[in-house]
Amino acid sequence: MSTEYWRWPESRWTSPEIDGKAGRMITAGLDVGSVSSQAVVMIDGALFCYSSLRTGSNSPESAQRAMEYALTGTGLILTDIHYVVGTGYGRVNIPFAQRALTEIACHARGANFMYGPTVRTILDMGGQDCKAIRCDAKGKVTNFLMNDKCAAGTGRGMEVFADLLSVPIEDMGRLSFEVDTEPPPVSSTCVVFAKSEAVGLLRKGWPKERVLAAYSSAMAHRVVELLERIQVEQDFAITGGIAKNEGVVKRIEAELKIKALEPKYDAQIAGALGGALFAKALVEKERGLR
Amino acid sequence: MLAHYGYKDGSGEYFIVVDTDKCDGCGRCVSACPWGVFEIGEDENDPFRETAVAKVSESHRKKIKYSCAPCKPGSGKKPLPCLESCAPGAIGHSW
Amino acid sequence: MNVAGVDCGAKSAKVLILGDEKVLARVAVLSGFDPKAAAAQALDEALKQAGLSRGDLSHVTATGTGKNEVVFATSEITEVGADARAVIVLFPAARTVIDIGAEEGRAIRISPEGKVIDFAINEKCAAGAGTFTETMARTLEVAVEDMGPLSLKSQNAVPMNAQCAVFAESEVVSLIHAKHSKEDIARAVHDAMADRIASMARKIGIDKSIVLVGGMAKNVGFVNSLQRNLKEEILIPENPEYSCALGAALTAAERAKGA
Chain G
1 MSTEYWRWPE
11 SRWTSPEIDG
21 KAGRMITAGL
31 DVGSVSSQAV
41 VMIDGALFCY
51 SSLRTGSNSP
61 ESAQRAMEYA
71 LTGTGLILTD
81 IHYVVGTGYG
91 RVNIPFAQRA
101 LTEIACHARG
111 ANFMYGPTVR
121 TILDMGGQDC
131 KAIRCDAKGK
141 VTNFLMNDKC
151 AAGTGRGMEV
161 FADLLSVPIE
171 DMGRLSFEVD
181 TEPPPVSSTC
191 VVFAKSEAVG
201 LLRKGWPKER
211 VLAAYSSAMA
221 HRVVELLERI
231 QVEQDFAITG
241 GIAKNEGVVK
251 RIEAELKIKA
261 LEPKYDAQIA
271 GALGGALFAK
281 ALVEKERGLR
Chain E
291 MLAHYGYKDG
301 SGEYFIVVDT
311 DKCDGCGRCV
321 SACPWGVFEI
331 GEDENDPFRE
341 TAVAKVSESH
351 RKKIKYSCAP
361 CKPGSGKKPL
371 PCLESCAPGA
381 IGHSW
Chain Z
386 MNVAGVDCGA
396 KSAKVLILGD
406 EKVLARVAVL
416 SGFDPKAAAA
426 QALDEALKQA
436 GLSRGDLSHV
446 TATGTGKNEV
456 VFATSEITEV
466 GADARAVIVL
476 FPAARTVIDI
486 GAEEGRAIRI
496 SPEGKVIDFA
506 INEKCAAGAG
516 TFTETMARTL
526 EVAVEDMGPL
536 SLKSQNAVPM
546 NAQCAVFAES
556 EVVSLIHAKH
566 SKEDIARAVH
576 DAMADRIASM
586 ARKIGIDKSI
596 VLVGGMAKNV
606 GFVNSLQRNL
616 KEEILIPENP
626 EYSCALGAAL
636 TAAERAKGA
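Residue numbers (the numbering used here), protein chains in the order written: chain G, 1 to 290; chain E, 291 to 385; chain Z, 386 to 644.
What the hints contain is simulated information worked out from the structure, not anything from laboratory work. It is possible that some hints are incorrect.
[Said to hold, decoys possible] So the derived label-pair ranges between C-beta atoms look like this: (1) E:S349 to G:E61: 20 to 30 Å; (2) Z:E618 to G:S187: 31 to 41 Å; (3) Z:A422 to G:Y265: 50 to 60 Å; (4) G:Y265 to Z:S559: 29 to 39 Å; (5) G:E284 to E:E348: 25 to 35 Å; (6) G:I77 to Z:P534: 47 to 57 Å; (7) G:V199 to Z:F457: 23 to 33 Å.
Just so it is clear, the structure is predicted and the values come from calculations on it, not from any experiment. A virtual CB, placed ideally from N, CA and C, is assigned to each residue, including glycine.
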């Protein structure tokens with residue numbers, strides 16, 4: 001049996017300070033991506049609970065699981081939630097969502113909440129896509145691009161390497177720094193060709209840490225090129241699964257000469273969080289409060 | 291909002307940029323494009339926008355280099371029908 | 386007069402020896418991780434086939450992504466030039482040449498004299514060349530050479546959304562789980578490739594006759610998909626993977642005479 005090096009740990013969290021039963025406005029955001037799914041519940045504008053798990057082969061079922069996992073032990077059930085916004089790749093298939101919004105809009109809104117109103121540029125590296133977003137002080141999108149065509153710069157690209165080098169994905173960042181000197185980046189952008197290149201390097205005697213450094217460096221550079229197309233304005237924040245890969249994050253910061261803001265919560269929930277916030281705004285609009 | 295539709299892969303960078311602040315939802319780009327690259331609809335990135343906006347249709351976003359290839363010969367430049375049809379100048383091509 | 390054309394490709398090194406304009410030998414050796422050695426080995430095997438030695442060659446022209454690795458070459462030529470040179474000789478009515486190799490795809494428009502008028506290249510992206518089909522063959526657990534015949538058995542067109550070899554792999558896995566047949570999936574793979582190649586060809590303007598060369602030309606499934614997409618007959622020479630090496634050899638012959 002081979003170890004599944006690409007499997008990252010699933011998680012959930014409940015706020016210790018909020019009493020779910022006492023909430024007046026309860027909204028939720030569901031971000032069903034092609035690789036991971038997150039559910040976030042907000043109560044009266046405060047973050048109440050969330051979950052993050054791997055998307056299965058069935059989107060609606062993954063959404064259900066994420067929602068249930070988030071609500072575990074909170075005393076709340078799905079019908080207690082006033083409005084649910086779905087986002088992500090599987091957004092149109094969430095049976096219990098009232099509205100579907102793009103990840104672009106939700107990430108900007110979620111980042112504005114998580115990082116504060118100073119955030120202006122967001123980089124989100126998801127399982128099968130990479131998004132660069134500019135927003136204003138209210139978290140409204142002013143400029144964006146999303147690449148979901150090419151695996152380079154996405155979680156899948158990283159997983160291919162985790163598998164090739166037999167390194168658990170959560171260790172990739174740390175290991176990429178266990179080198180004496182930073183090697184030149186792999187020359188291929190394409191993950192398939194980069195993998196062949198990496199095999200050649202391993203055969204030449206390169207230790208896996210050095211290959212990892214070369215790939216992380218290439219990935220960081222590619223992502224920076226995408227960011228430069230929309231022009232980076234500070235403050236800068238990184239969300240999505242790859243935000244947890246310090247090997248890529250630190251190299252991006254080095255190339256941009258800008259440090260990314262530290263998230264207060266799990267960076268992977270930004271999309272779902274934005275969804276929950278939009279849900280609140282939409283309820284307020286319905287009720288004539290806006 | 292500057293909406294970039296397209297991608298960057300090993301072979302290059304290909305983005306069609308729609309400036310949604312300039313776009314008035316007239317729809318002339320939809321008929322001008324011989325390959326059905328554009329469509330008009332709700333701004334899915336701005337849930338509070340009231341007017342319709344032009345966007346690159348979902349099926350073309352991941353292969354925009356191929357979709358636009360017939361209008362961009364290898365040598366010499368032809369005027370692009372989408373750009374010519376857009377009066378407010380809301381459409382841009384990055385390549 | 387004997388000359389050789391060496392096409393040092395991403396996947397294999399191909400050598401073609403011409404003796405007084407007749408093909409004396411054709412050899413291909415997998416490049417692996419040492420294209421330099423592969424090119425040398427291919428040359429030696431071709432010389433053996435032709436009953437010649439290195440000293441008998443008046444001129445050697447190298448082409449392909451690894452042309453710099455061909456240390457014994459007298460001169461070089463671009464792949465686009467080599468393709469044009471060979472195809473006009475193989476098919477005097479050829480005006481559009483499509484060459485799909487392991488890692489690069491090219492579309493070339495040529496004049497009646499075989500001069501290059503316009504060209505487009507698909508490079509550095511695995512979805513634009515033979516690597517795409519190879520990767521999908523592995524995922525389907527089918528030998529690469531069986532992909533073509535397998536896809537011809539398909540009765541249904543299944544859409545393929547992914548435009549990347551890595552994402553397509555995941556998509557193929559989902560299609561398998563959704564109980565689509567291997568025949569249908571193989572056809573979807575070839576249709577997707579043909580879609581991209583046809584767009585590249587339209588970029589330079591399609592003019593009859595259309596000739597397909599390179600390793601992919603041996604894949605009957607891909608040829609079928611491309612023919613359906615272009616709605617035109619596609620001509621394919623014998624030994625299509627040697628066209629570039631042939632072009633290089635014809636160039637070597639010209640240059641040897643000129644020298």
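Against the structure, the hints:
Separation of S349 (chain E) from E61 (chain G) is about 26 Å and conforms to the stated range, judged on CB atoms against 20 to 30 Å. Separated by about 39 Å at the C-beta atoms, E618 (chain Z) and S187 (chain G) satisfy the suggested range of 31 to 41 Å. A hinted range of 50 to 60 Å holds for the C-beta pair A422 (chain Z) and Y265 (chain G), which are about 55 Å apart. Distance hint check for Y265 (chain G) and S559 (chain Z): the Cβ-Cβ separation is about 31 Å, which falls inside the suggested range of 29 to 39 Å.
Taking the beta carbon of each, E284 (chain G) and E348 (chain E) are about 30 Å apart, inside 25 to 35 Å as hinted. Distance hint for I77 (chain G) and P534 (chain Z): a CB-CB separation of about 55 Å, consistent with the stated range 47 to 57 Å. The given range of 23 to 33 Å is respected by V199 (chain G) and F457 (chain Z), whose C-beta atoms sit roughly 27 Å from each other.
Taken one by one, the earlier hints all hold for this structure without exception.
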